[in-house]
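**Q** If you read the sequences in order, they're chains D and Y.
Residue numbering for the first sequence follows full-length UniProt numbering, beginning at 1 and increasing consecutively.
Residue numbering for the second sequence follows full-length UniProt numbering, beginning at 1 and increasing consecutively.
Since the hints were derived computationally from the structure, they do not count as laboratory data.
Incorrect hints may appear among the rest.
From the structure, some residues in chain D lie toward chain Y, with a derived Cβ separation under 8 Å [stated by the list, open to error]:
| # | residue |
| --- | --- |
| 1 | 78 |
| 2 | 80 |
| 3 | 82 |
| 4 | 91 |
| 5 | 94 |
| 6 | 112 |
| 7 | 137 |
| 8 | 319 |
Computed spacing ranges between beta-carbons, pair by pair [unchecked claim]:
| # | chain 1 | residue 1 | chain 2 | residue 2 | range |
| --- | --- | --- | --- | --- | --- |
| 9 | Y | 237 | D | 297 | 58 to 68 Å |
| 10 | D | 138 | Y | 140 | 54 to 64 Å |
| 11 | Y | 20 | D | 263 | 49 to 59 Å |
| 12 | Y | 239 | D | 137 | 14 to 24 Å |
| 13 | D | 3 | Y | 139 | 25 to 35 Å |
| 14 | Y | 129 | D | 71 | 45 to 55 Å |
| 15 | D | 118 | Y | 102 | 56 to 66 Å |
| 16 | Y | 145 | D | 27 | 47 to 57 Å |
| 17 | D | 27 | Y | 102 | 36 to 46 Å |
| 18 | Y | 140 | D | 232 | 18 to 28 Å |
| 19 | D | 118 | Y | 239 | 16 to 26 Å |
| 20 | D | 3 | Y | 98 | 51 to 61 Å |
| 21 | Y | 122 | D | 72 | 50 to 60 Å |
| 22 | Y | 282 | D | 3 | 51 to 61 Å |
Taking lysine-lysine pairs in the DSS-like style, the calculated list, with each CA pair at most 27 Å apart, reads [what the hints assert, rightly or not]:
| # | chain 1 | residue 1 | chain 2 | residue 2 |
| --- | --- | --- | --- | --- |
| 23 | D | 137 | Y | 118 |
| 24 | D | 117 | Y | 269 |
| 25 | Y | 118 | D | 117 |
Just so it is clear, CB atoms sit at the ideal spot from N, CA and C, and this is done for glycine as well.
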Amino acid sequence: MLETIKLLCEINAPSGAEEPIRKAIIKQISGFAEYSTDALGNLIVFKKGKQEAKNKVMLAAHMDEVGFIVRYVEDSGLLRFACVGGIDTRVIVGKRLLVGEKAVTGVIGTKPIHLTKGDERETMPDIDSLYIDIGAKDKEDALKYISPGDYAVFESGFVNFGNNLIKAKALDDRAGCAVLIEMIRSELTYDTWFTFNVQEEVGCRGAMVSAFTVAPDYAIVLEATTAADIAGVEAGKQVCELGKGPVVSFMDRGTVYDRELYHMAFELAEKAGIHCQPKQMVAGSNEASAIHKVRGGIKTLAISMPCRYIHSPSCVLKTEDISDTFILAKAAAEHLAQL
Amino acid sequence: MKELIQTLTSAVGVSGDESAAATVVTELLRPYGKVTVDALGNIHCTVKQPEVGKEHILLDAHLDQIGLIVQQIDDKGFLRVASCGGIDRRVLMASEVTVHGKSPVYGVICSQPPHLAKEGDSKKPPQLEDIAIDVGLSQEKAKELISLGDRVTLNGPVRELVNGQLVSQAMDDRASCAAIIKCLQLLKGKQIPCGLTVLFSTREEVGGQGARTGAFSAFPTKAIVVDVSFGQTPDSPKHKCGELGKGPMIGFAPTISRNFSNELVEVAKKQGIPYQLEIMEGHTGTNADQIVIAQSGVETGMVSIPLKYMHTSIETADPADIEASAQLMAAYVLRGGER
Chain D
1 MLETIKLLCE INAPSGAEEP IRKAIIKQIS GFAEYSTDAL GNLIVFKKGK
51 QEAKNKVMLA AHMDEVGFIV RYVEDSGLLR FACVGGIDTR VIVGKRLLVG
101 EKAVTGVIGT KPIHLTKGDE RETMPDIDSL YIDIGAKDKE DALKYISPGD
151 YAVFESGFVN FGNNLIKAKA LDDRAGCAVL IEMIRSELTY DTWFTFNVQE
201 EVGCRGAMVS AFTVAPDYAI VLEATTAADI AGVEAGKQVC ELGKGPVVSF
251 MDRGTVYDRE LYHMAFELAE KAGIHCQPKQ MVAGSNEASA IHKVRGGIKT
301 LAISMPCRYI HSPSCVLKTE DISDTFILAK AAAEHLAQL
Chain Y
1 MKELIQTLTS AVGVSGDESA AATVVTELLR PYGKVTVDAL GNIHCTVKQP
51 EVGKEHILLD AHLDQIGLIV QQIDDKGFLR VASCGGIDRR VLMASEVTVH
101 GKSPVYGVIC SQPPHLAKEG DSKKPPQLED IAIDVGLSQE KAKELISLGD
151 RVTLNGPVRE LVNGQLVSQA MDDRASCAAI IKCLQLLKGK QIPCGLTVLF
201 STREEVGGQG ARTGAFSAFP TKAIVVDVSF GQTPDSPKHK CGELGKGPMI
251 GFAPTISRNF SNELVEVAKK QGIPYQLEIM EGHTGTNADQ IVIAQSGVET
301 GMVSIPLKYM HTSIETADPA DIEASAQLMA AYVLRGGER
């Protein structure tokens with residue numbers, strides 16, 4: 001699965017520009033399942049199992065990543081931009097980007113610290129005062145390489161480090177996509193539906209319609225969620241921990257989860273002998289927020305991988321959590337299919 | 001030039017621990033003269049033995065780069081750090097780093113998740129005491145590889161912008177080291193009419209101790225200090241910046257020699273080398289402040305390479321300015337002679 005994750009993370013596809021990642025996923029699954037693409041660009045996959053399922057189960061992951069969009073080109077050739085998806089300004093200053101279809105290098109610059117005064121030194125520059133510098137001489141020169149509306153993403157390679165940790169941009173949610181791909185490529189007991197959705201980071205627009213199309217009885221959302229198990233954060237605020245397995249939510253800012261499915265996840269994890277942890281804070285949101293309200297309502301379970309520094313160029317996951325998530329997702333899908 | 005910059009910026013030498021970078025510059029200097037190391041780690045290269053009654057010109061650039069220094073390894077294996085030089089705290093969160101332990105150790109600077117941000121937090125850069133590095137290791141494992149006092153650098157391999165400007169984390173001051181080495185290349189085979197010594201000095205970013213002691217030992221009659229200075233961006237005051245691509249900035253300041261500054265301008269004009277002026281009102285914030293007062297005093301001039309985004313991992317310079325700085329110094333040296 002790690003090879004797949006690396007491949008997927010190295011593709012640049014922020015919300016609204018998912019074509020390259022969709023193509024890559026299709027390449028990974030073709031021959032293993034039937035698939036179609038809908039009007040928004042969601043990839044909907046049906047995988048035949050050994051037997052028909054009693055209940056229709058859908059697993060969902062999102063293809064898009066957070067990024068940037070060029071809004072305006074200054075006469076100086078510098079690019080004014082906005083963030084696509086929720087990116088903390090504190091993780092963007094001084095970072096390298098790949099900009100536009102030609103993927104030229106750009107940097108997010110600001111005034112050198114030496115020239116800041118008083119409060120300025122203790123204040124993060126406002127997003128509207130920041131710019132992307134691609135080294136263009138002026139506006140005309142810049143327009144040779146990019147146009148307003150072009151996207152940019154963090155330049156950040158895939159790294160293995162520490163004790164089985166991986167670092168990359170876009171692990172949210174390419175890791176979830178990889179879990180789905182792995183399931184599609186494996187032999188399944190029951191017929192199962194999968195959706196690779198667009199536009200999660202800008203309001204779960206893709207999931208709303210793909211869930212409508214599939215109309216499942218049960219949905220399982222595969223995600224990455226904030227792990228704050230880092231230095232200086234007290235135990236009660238860490239949300240979840242790397243190495244403690246998939247994270248199951250009882251409630252977040254988008255969804256109050258089905259109580260039965262919540263308990264079921266822990267029972268299945270115990271049976272499978274894998275780690276599993278509750279999300280210990282009512283915070284964040286994911287595609288469950290869209291899916292559980294589709295049609296007449298869909299019982300939805302969210303299984304997330306604990307991810308440090310999410311929505312930054314340096315997202316970090318632990319490999320054991322990814323494999324445990326795969327095991328739990330597969331067990332949950334099978335269980336729900338015959339419930 | 002790009003290759004030289006690549007070589008120099010990939011060498012590691014945070015203030016006070018410049019030995020790896022020293023090894024690299026020693027090899028680069030060897031074809032031009034005898035290379036020695038002094039007690040503070042400064043690298044001296046005698047290109048032309050000084051003679052009584054003749055000028056002895058010193059070309060200085062600092063060898064060190066800014067970074068962090070490990071001051072504690074906590075019980076979870078996170079590293080607590082202090083700054084080693086004036087690092088810009090605004091660019092640290094979620095940055096990738098290398099800890100220069102027994103072997104290089106990859107790490108990510110912890111980034112506080114937004115849900116933990118108290119009101120106003122997200123508008124402030126983190127304090128250094130709140131910064132920690134995640135190397136993904138237990139305390140025990142981390143201690144096997146990392147000792148207190150080990151230096152940390154931000155990862156920032158060389159990238160090229162659309163018109164040839166180069167981005168790196170250590171352009172300050174390896175760009176100037178490159179200019180001096182290029183100057184020696186230009187002088188190769190020419191009759192040098194004066195004594196000529198190169199000083200690659202240590203610890204500039206923590207006070208200039210290297211230049212102070214190195215200039216004492218060399219005791220030249222004249223010194224050119226090459227460093228980087230602020231490159232113009234729209235958010236910086238124009239009168240404190242030079243424009244990238246418009247040539248080296250020749251310094252004028254009350255604390256350095258005005259005659260020397262005028263001579264440099266004269267040489268640039270005569271040779272048709274592009275240049276700009278950098279006007280300062282007192283201390284220069286460079287090694288010139290130390291070298292001027294070495295022994296009984298040294299007549300000192302300044303050549304600065306305009307650099308955008310100083311003290312971040314995206315320091316950006318134009319190789320053309322580095323070339324022009326080399327030409328200016330070479331032309332100046334060739335007119336040296338009788339005192």
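**Q** Taking the hints in turn, state whether each one holds.
**A** Against the structure, the hints come out as follows:
1. Because the smallest distance between the Cβ of residue 78 of chain D and any Cβ of chain Y comes to about 7 Å, under 8 Å, the interface hint for this residue holds.
2. Look at residue 80 of chain D: its Cβ only gets to about 11 Å from chain Y, farther than 8 Å, so that hint breaks.
3. With a least beta-carbon distance of about 17 Å to chain Y, the hint placing residue 82 of chain D at the interface is violated under the 8 Å criterion.
4. For the restraint placing residue 91 of chain D at the interface with chain Y, the shortest Cβ-Cβ distance is roughly 4 Å, inside the 8 Å limit, so the hint holds.
5. A least Cβ separation of about 3 Å between residue 94 of chain D and chain Y falls short of the 8 Å threshold, and the interface hint therefore holds.
6. Because the closest C-beta pair between residue 112 of chain D and chain Y is about 4 Å apart, less than 8 Å, the hint holds.
7. Satisfaction of the interface hint for residue 137 of chain D is found here, the shortest Cβ-Cβ separation to chain Y being roughly 6 Å, below the 8 Å cut-off.
8. Interface hint status for residue 319 of chain D: violated, as the beta-carbon distance to the closest one in chain Y is roughly 11 Å, over 8 Å.
9. For the hinted restraint 58 to 68 Å between residue 237 of chain Y and residue 297 of chain D, the CB-CB distance of approximately 59 Å keeps it satisfied.
10. In this structure the supplied range 54 to 64 Å holds for residue 138 of chain D paired with residue 140 of chain Y, their Cβ-Cβ distance being about 56 Å.
11. The given range of 49 to 59 Å is respected by residue 20 of chain Y and residue 263 of chain D, whose C-beta atoms sit roughly 56 Å from each other.
12. The hinted window of 14 to 24 Å between residue 239 of chain Y and residue 137 of chain D holds, with their beta carbons roughly 22 Å apart.
13. At about 31 Å, the beta-carbon gap between residue 3 of chain D and residue 139 of chain Y stays in the expected band of 25 to 35 Å.
14. Taking 45 to 55 Å as the suggested C-beta distance range, the pair residue 129 of chain Y and residue 71 of chain D does not conform, at roughly 36 Å.
15. In this structure the supplied range 56 to 66 Å is violated for residue 118 of chain D paired with residue 102 of chain Y, their Cβ-Cβ distance being about 42 Å.
16. In this structure the supplied range 47 to 57 Å is violated for residue 145 of chain Y paired with residue 27 of chain D, their Cβ-Cβ distance being about 39 Å.
17. The hint said 36 to 46 Å for the Cβ distance between residue 27 of chain D and residue 102 of chain Y, and at roughly 42 Å that hint holds.
18. Separated by about 21 Å at the C-beta atoms, residue 140 of chain Y and residue 232 of chain D satisfy the suggested range of 18 to 28 Å.
19. Between residue 118 of chain D and residue 239 of chain Y the beta carbons are some 19 Å apart, a value that agrees with the proposed interval 16 to 26 Å.
20. Checked against the given bound of 51 to 61 Å, the beta carbons of residue 3 of chain D and residue 98 of chain Y, roughly 25 Å apart, lie outside it.
21. Checked against the given bound of 50 to 60 Å, the beta carbons of residue 122 of chain Y and residue 72 of chain D, roughly 24 Å apart, lie outside it.
22. Between residue 282 of chain Y and residue 3 of chain D, the C-beta spacing of about 58 Å keeps the proposed range 51 to 61 Å intact.
23. A hinted pair counts as satisfied when its Cα atoms are at most 27 Å apart, and residue 137 of chain D with residue 118 of chain Y does not qualify at roughly 41 Å.
24. For the hint pairing residue 117 of chain D with residue 269 of chain Y, the CA-to-CA distance comes to about 36 Å; that exceeds 27 Å, so the pair is violated.
25. Under the criterion of a C-alpha separation no larger than 27 Å, the hint pairing residue 118 of chain Y with residue 117 of chain D is consistent with the structure, at around 24 Å.
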